[in-house]
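Novice: So the sequence lines, in the order shown, correspond to chains A and B. Quick note on numbering: the first sequence equals residues 1 to 140 in full-length UniProt numbering. Quick note on numbering: the second sequence equals residues 1 to 404 in full-length UniProt numbering.
In case anyone wonders, no lab produced these hints; they're calculated from the structure. Because the structure is a prediction, the values reported are computed rather than measured. Incorrect hints may have been included.
As the list claims (entries may be wrong) - DSS-like mimics (lysine-lysine), calculated; alpha carbons at most 30 Å apart, straight line:
#1 B:Lys398 / A:Lys32
#2 A:Lys42 / B:Lys186
#3 B:Lys186 / B:Lys77
#4 A:Lys54 / B:Lys397
What the hints assert, rightly or not - Which bits of chain B does chain A cover? Going by a derived footprint, with three or more residues having C-beta under 8 Å, they are:
#5 161-173
#6 336-347
Heads up, the beta-carbon is just placed ideally off N, CA and C, and yes, glycines get one too.
Residue-level listing of the chains:
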Amino acid sequence: MTIQEIQEEIVDEFSMFDDWMQRYEYMIELGKSLPIIEEKYKTDDNIIKGCQSKVWVHAEMNDEKIEFTADSDAIITKGIIAILIRAFSGQHPKDIIDANTDFVDEIGLKEHLSPTRANGLVSMIKQLKMYAIAYQTQLN
Amino acid sequence: MINVQKIREDFPILKRMVNGKPLVYFDNAATSQTPQIVIDAIVDYYSNYNANIHRGVHALSQEATDAYEQARKKIQKHFNAKHPYEIIFTSGTTHSINIVATGFTNLLQKDDEIIVSALEHHSNIVPWQMLCERTGAVLKVIPMTEEGELVMDVYDQLLSSKTKLVFVNHISNALGTINPIEEMIKKAHTVGAAVLIDAAQSGPHIKPDVQALDVDFYVASAHKLCGPTGVGMLYGKEEWLNKLPPYQGGGEMIEEVTFEKTTYAGLPHKFEAGTPNICGGIAFGVAIDYMNSIGFDDIAVYENELLEYGTKRLLEIEGLRIYGTSKHKTSVISFNLEGVHPYDVGTIVDKLGIAVRTGHHCAQPIMDFYQIPGTIRASFSFYNTKEEIDALVEAVKKAKMMLS
Numbered sequence: 001m002t003i004q005e006i007q008e009e010i011v012d013e014f015s016m017f018d019d020w021m022q023r024y025e026y027m028i029e030l031g032k033s034l035p036i037i038e039e040k041y042k043t044d045d046n047i048i049k050g051c052q053s054k055v056w057v058h059a060e061m062n063d064e065k066i067e068f069t070a071d072s073d074a075i076i077t078k079g080i081i082a083i084l085i086r087a088f089s090g091q092h093p094k095d096i097i098d099a100n101t102d103f104v105d106e107i108g109l110k111e112h113l114s115p116t117r118a119n120g121l122v123s124m125i126k127q128l129k130m131y132a133i134a135y136q137t138q139l140n
Numbered sequence: 001m002i003n004v005q006k007i008r009e010d011f012p013i014l015k016r017m018v019n020g021k022p023l024v025y026f027d028n029a030a031t032s033q034t035p036q037i038v039i040d041a042i043v044d045y046y047s048n049y050n051a052n053i054h055r056g057v058h059a060l061s062q063e064a065t066d067a068y069e070q071a072r073k074k075i076q077k078h079f080n081a082k083h084p085y086e087i088i089f090t091s092g093t094t095h096s097i098n099i100v101a102t103g104f105t106n107l108l109q110k111d112d113e114i115i116v117s118a119l120e121h122h123s124n125i126v127p128w129q130m131l132c133e134r135t136g137a138v139l140k141v142i143p144m145t146e147e148g149e150l151v152m153d154v155y156d157q158l159l160s161s162k163t164k165l166v167f168v169n170h171i172s173n174a175l176g177t178i179n180p181i182e183e184m185i186k187k188a189h190t191v192g193a194a195v196l197i198d199a200a201q202s203g204p205h206i207k208p209d210v211q212a213l214d215v216d217f218y219v220a221s222a223h224k225l226c227g228p229t230g231v232g233m234l235y236g237k238e239e240w241l242n243k244l245p246p247y248q249g250g251g252e253m254i255e256e257v258t259f260e261k262t263t264y265a266g267l268p269h270k271f272e273a274g275t276p277n278i279c280g281g282i283a284f285g286v287a288i289d290y291m292n293s294i295g296f297d298d299i300a301v302y303e304n305e306l307l308e309y310g311t312k313r314l315l316e317i318e319g320l321r322i323y324g325t326s327k328h329k330t331s332v333i334s335f336n337l338e339g340v341h342p343y344d345v346g347t348i349v350d351k352l353g354i355a356v357r358t359g360h361h362c363a364q365p366i367m368d369f370y371q372i373p374g375t376i377r378a379s380f381s382f383y384n385t386k387e388e389i390d391a392l393v394e395a396v397k398k399a400k401m402m403l404s
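Just chain B, same shape as in the assembly (with noise of 0.2 Å):
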């Protein structure tokens, strides 16, 4: 059971007021905030051990590569990865995406054909469309229905021989649908496609088994899982990343360097060249740590507790629309007023204090499809409450009278 007022305790910004009101912080599916926990392990870097890794034989820089390399082995071991060095600290999801784009250049021919869904994010589209471009390769897409679910039937029919890759997003961030990621990933297995998921909502919401779901490549960000920006994480099984050049030269990712010819090092030092956001990686261990102390079990239950609570909430109010509506969600609310900008309610309840997402969501083919500019988005985590809804309910109720 979550104690959401202890936990809230946890979060020093939960306290701040914004516009003269208490801060309500529904912009979790853009950023998590971060637990004291977290700013303490930050701290303690830079007061105690600052030093750069894997080189230096001084005791600061063997400290601060046992927590850099610890940091990967709860990494590994919270995602169930086989091996710690099949993680690979990135800067977060984007760099991820584009490690795996970028190294498939030479394992594509023309022709191939790539598989995305209509629910991406950009991150998840542009490296892909990027890779067309280099190598001929043509992008399929799986098309979505008015619920916001992908439709299966045509990912069955898409997928063939020629398909190469496939890439979805676990969780979509403008509407919350969780993909059928499992029957999707054994699908593209049987023509021998590798798949790619992304991983940046699902992370705060979902312990997954990459093992288990047999996935190829699985990415996330350190941010969205109350971690700190500019830290990320590329899984990927050890015979693809093998497979895969290095993104980058540089330092740390080298075995041995002459001007006729250098080696690399194996993984994941391959993959991570020069040097990497150390303080980073080791809170991003924290961080994981933190979610598991709560568990995720427990966040699944009251975060769908706030999504039927806000969903029911807000569909009291005469001519909102709440756009994805699959059974299968995680708790984002995607809605707009009837004939009302998004941008005029979102400039509204800025001013009543609640933060929450408007425009695009950089989703701008699912915008299309219902043929809207942009959405309102409320999306809940674990420190969040009933009475937060409450008092977004109010905002949109106040909005709504000022602007119609």
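So here's chain A without its partners, still in its complex pose (with noise of 0.2 Å):
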């Protein structure tokens, strides 16, 4: 499936529910499936800034897919971390670099869009892309 395709299919996902609650409590279960990151790569190095809790992430490319995997010491921010992943990973680099991120809007998570916001999903969507720039200029 394409970035857009999986992004619609999380779109559908949440659009079956009426409220907030629901939503967080699917994004907190969403959060149970996350690709844990090996411990080795739990380093200071992989933190990402600008977030409130703490987040790793770890990306490797194989033939010319990224794959993604993160943690968090905070839950609703996993099950942030996890939509995003769930979104890019095992994809083509460029694919990643050019993807539109409105869905999160869509699923009734745009709070967390703000740049107040002390979460840092934008630097969270920010780190993923940062990854697949520098993939992507291995592969030129």
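Once you've looked at the hints, go ahead and assemble the two chains, each given alone in its own frame, into the complex.
Specialist: See below:
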């Protein structure tokens, strides 16, 4: 599936819920399916700056596709990074660089997009794209 | 006696809804809400007598100058400073601290010592670290106990003839502990050290008497005292303010300027370069009048009631731990749920219309002491109610259910 298709699938899943509580509960649930980063990559260098909670992300490229793993010490943050990784993992670097991330707004996480928000959703998206840019450079 | 329902009418913001729920504002330690009378003063200034001060001969300029200087006198009276010119208008507590920290650059020598407390906000740590870097002075820290109190025995040991400055907050922003500043000032003076008290947190709870305290510098922000943001004050004893050099050069702070030499204006203008926050200063004065009309004694009694009630209710939740359990504290409750990140709790509680602060509260050393990433901090003001505390307790219970 393309990033776009995965995002639409996620938006569909979230549209089943009427209120924020159910959405958050589902997000917490999704956090449990996050591909967890290996302990050896849980270093200070891999922490995303600008988050109130700690978020570690690691990326590897196989056959021109990037696989992300991550973890966080906060449950909601873990859910958010799980959603992003679900959309981006297994994709070509160029597609990740070009991806539009408006779907975050559509699933009712708009408040997390504000730059004043300390959870750093914006920083997470930026970091995932930075990995993609780095791997894209290797391919060129 | 506080009539809280009547007081709430003074604050238009308290009527608004957040995420479909009535706003419960428990982030008063970050900034207080603004009563209509202060909002009216701001509108009145810009509608009727907006002008630059201290320089025009025209009527508007004189009206604005009078109102601004009147505000200075209100602040002087409130803090019981000896002279109005011992009150310097600043942009806030951080600015006030930086005026003093920068001013001491030429008054310190290598190996002189500066004492700060482990309970400080970053704004009362970093400027002193920078001062130490400039001068070679050494920063010493008074440690804290598990209850969130300063270890006074260590303070006694740290004080010596090398001590030139002592900085401590009147009340800890992260934990609410009221520090024994009277005793600390007296002891610092026995070794000839100057004392700066950061009153950012105490301003809304305690009416101080700077002369009785015999404090050398006392700093506060208007926005925690029902005033606007971007304005604050520095109280300094006249002799100290005369010793410190100006912080910024510019208009207003000079007596005479030629290209060969400039002589500085006297107090308070020496520290007030440029066009100040005129409207903010005037509104600060109105805010102080408002708080005094409610009465600080009544405020203290009522807020203490909220603190006791909030502490009791929150502790009913299993696995909830309160940080900062001193007997001497203001209406701040910093807490965590066992095994749950404070950020998660804050996010859920916000969804229920309740504003609390989460994180390290710009006091990382305190969080390091407890080995936690942060806390959830609920800080109550005289316009809060027990019903709002009940709403917080229900919200935290809901968060606990969702997150564990």
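Novice: Next step is simple, just say for each hint if it's right about the structure.
Specialist: Going through the hints against the structure:
no. : hint               : in the structure
1   : B:Lys398 / A:Lys32 : holds, 20 Å
2   : A:Lys42 / B:Lys186 : violated, 49 Å
3   : B:Lys186 / B:Lys77 : holds, 23 Å
4   : A:Lys54 / B:Lys397 : holds, 24 Å
5   : 161-173            : violated (count 0)
6   : 336-347            : holds (count 5)
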